[in-house]
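Got chain A sorted already, so can you dock chain B onto it with the hints?
From first to last, the protein sequence lines stand for chains A and B.
First residue of the first sequence? That's 1 in this note's numbering, and the numbers climb one at a time after it.
First residue of the second sequence? That's 1 in this note's numbering, and the numbers climb one at a time after it.
Worth double-checking, as some hints may not be accurate.
As the list claims (entries may be wrong) - Pairs of lysine to aspartate or glutamate residues, derived as EDC-like cross-links and limited to a Cα-Cα distance of at most 16 Å, are as follows:
{"no.": "1", "chain 1": "A", "residue 1": "62", "chain 2": "B", "residue 2": "47"}
{"no.": "2", "chain 1": "A", "residue 1": "59", "chain 2": "B", "residue 2": "43"}
{"no.": "3", "chain 1": "A", "residue 1": "62", "chain 2": "B", "residue 2": "43"}
{"no.": "4", "chain 1": "A", "residue 1": "20", "chain 2": "B", "residue 2": "47"}
{"no.": "5", "chain 1": "A", "residue 1": "166", "chain 2": "B", "residue 2": "43"}
{"no.": "6", "chain 1": "A", "residue 1": "20", "chain 2": "A", "residue 2": "65"}
{"no.": "7", "chain 1": "A", "residue 1": "29", "chain 2": "B", "residue 2": "39"}
{"no.": "8", "chain 1": "A", "residue 1": "30", "chain 2": "B", "residue 2": "36"}
{"no.": "9", "chain 1": "A", "residue 1": "166", "chain 2": "A", "residue 2": "152"}
{"no.": "10", "chain 1": "B", "residue 1": "44", "chain 2": "A", "residue 2": "21"}
{"no.": "11", "chain 1": "A", "residue 1": "29", "chain 2": "B", "residue 2": "13"}
{"no.": "12", "chain 1": "B", "residue 1": "44", "chain 2": "A", "residue 2": "152"}
{"no.": "13", "chain 1": "A", "residue 1": "29", "chain 2": "B", "residue 2": "10"}
{"no.": "14", "chain 1": "A", "residue 1": "166", "chain 2": "B", "residue 2": "161"}
Simulated from the structure, these hints should not be mistaken for laboratory data.
A quick note: this is a predicted structure, and the numbers were derived from the prediction, not measured.
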Amino acid sequence: MTPVFDDKTLVFQFKNEVNKEIPFTTIVKKYQEKLYWLIRRLVIHHEDANDIIQNVFIKVWKSLDNFREDSELYTWLYRIATNESLNFLEKQKRTMSISIQDYEIYFTNKLKTEQSYDITKIEWKLQLAILKLPEKQKVVFVLRYYDEMPYEKMSQILQTSTGALKASYHHAVKKIEDFILNN
Amino acid sequence: MVEKVNKQKELTELNSNLPSGIFENNYSMPNNYFTELPDAIVEKVKDIDTDTEAELEFSTFTQGETNTNKVVPINYFNSLPSLILDKINKKNLPAAINRKKKMVSFAIAATCITLLGLILFFSKKDNFIQSRNGLSNSNLSKMNNVRNALTVENNLKNINDEEIVLFLKENGHDINAAVIASLTDDILLPGMNDYFCDQITLNKYLYNSINQ
Chain A
1 MTPVFDDKTL
11 VFQFKNEVNK
21 EIPFTTIVKK
31 YQEKLYWLIR
41 RLVIHHEDAN
51 DIIQNVFIKV
61 WKSLDNFRED
71 SELYTWLYRI
81 ATNESLNFLE
91 KQKRTMSISI
101 QDYEIYFTNK
111 LKTEQSYDIT
121 KIEWKLQLAI
131 LKLPEKQKVV
141 FVLRYYDEMP
151 YEKMSQILQT
161 STGALKASYH
171 HAVKKIEDFI
181 LNN
Chain B
1 MVEKVNKQKE
11 LTELNSNLPS
21 GIFENNYSMP
31 NNYFTELPDA
41 IVEKVKDIDT
51 DTEAELEFST
61 FTQGETNTNK
71 VVPINYFNSL
81 PSLILDKINK
91 KNLPAAINRK
101 KKMVSFAIAA
111 TCITLLGLIL
121 FFSKKDNFIQ
131 SRNGLSNSNL
141 SKMNNVRNAL
151 TVENNLKNIN
161 DEEIVLFLKE
171 NGHDINAAVI
181 ASLTDDILLP
191 GMNDYFCDQI
201 TLNKYLYNSI
211 NQ
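Next up, chain A with everything else stripped away, as it sits in the complex:
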């Protein structure tokens, strides 16, 4: 049976052992799905999500030796993933040089190309509604609604107060409800 190590042990092993691959691979396997779905819900396309998640873990490989452990590993990983996703979206906006509305249409069309896309299903309506939210509010909603992340941890990831995050989430819920009702 493969031993299950906690994050602190994995970080210690990575920093102190010659063979860093084993603890690193363990970290990737442990967090890949959570991080992937966070990224995928923001950027929609699998290819983009794949690029971003690989960049995230490459950064982790390069920086884990210097990780100060003043936050949990999982918070740190989520922060990198969030920043990479938001940077990607920002870069895409600039490269495309289109209006916000066209940008929303672009992502909506991306979503509609999914094989199992079915507008009658609530899951897809939710996804469409999430696309309408501002970037940071999207992240807050996805982390809270899908990952059920506590506000305290979200605050460490997004460097925002818990009060602001609660307000952001509540606004997001209302907007999504309105969208679903009207569509």
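Chain B alone, transformed into the frame defined by chain A:
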């Protein structure tokens, strides 16, 4: 203390109809993606490490000593000062040319402004002079009239009654009317309070004054 998230409770508090259930992730993705992802990432980080090692080997070959961090071409520091000077000179040349051009354009602008200023000044000066003359042409006569009037008044004081009567006769004026007018002195007129008498009394007073 970190709260335990109760999604359903929170949504109820928000009066939200959003479902609190867990959804399957409906997005399409390659088969065995998560199985293969860790290996793909490890391969990539190995490539990164290999590139770094290749850089280190190159620097060792060129420098003849172990240099763990930097890669520097041969004779780099010998040629660096002249490289820098070349760049500085190239940068300064267009700057110098631009500066000269700027000075010339400033000089031209200053000359034009000066000329315009002079033109305006002289045209305004003429207008000013004209207006001064105009002023004297239109108002000087008035001033002279006033001066003359004052002179006349002074001269009148020096004329005696006989001369006045003679003048009036020669010019066909009614001497009696002139006498009456001269007698009607403001000082001799009754004061304001005296006019509180009625109109008839006033008329009588005036009649008497005239017929004295």
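Hint check:
{"no.": "1", "hint": "A/62 - B/47", "verdict": "holds, 12 Å"}
{"no.": "2", "hint": "A/59 - B/43", "verdict": "holds, 14 Å"}
{"no.": "3", "hint": "A/62 - B/43", "verdict": "holds, 14 Å"}
{"no.": "4", "hint": "A/20 - B/47", "verdict": "holds, 15 Å"}
{"no.": "5", "hint": "A/166 - B/43", "verdict": "violated, 40 Å"}
{"no.": "6", "hint": "A/20 - A/65", "verdict": "holds, 10 Å"}
{"no.": "7", "hint": "A/29 - B/39", "verdict": "holds, 10 Å"}
{"no.": "8", "hint": "A/30 - B/36", "verdict": "holds, 13 Å"}
{"no.": "9", "hint": "A/166 - A/152", "verdict": "holds, 10 Å"}
{"no.": "10", "hint": "B/44 - A/21", "verdict": "holds, 12 Å"}
{"no.": "11", "hint": "A/29 - B/13", "verdict": "violated, 36 Å"}
{"no.": "12", "hint": "B/44 - A/152", "verdict": "violated, 34 Å"}
{"no.": "13", "hint": "A/29 - B/10", "verdict": "violated, 31 Å"}
{"no.": "14", "hint": "A/166 - B/161", "verdict": "violated, 113 Å"}
Against the hints set out earlier in the document, violations occur for numbers 5, 11, 12, 13, 14.
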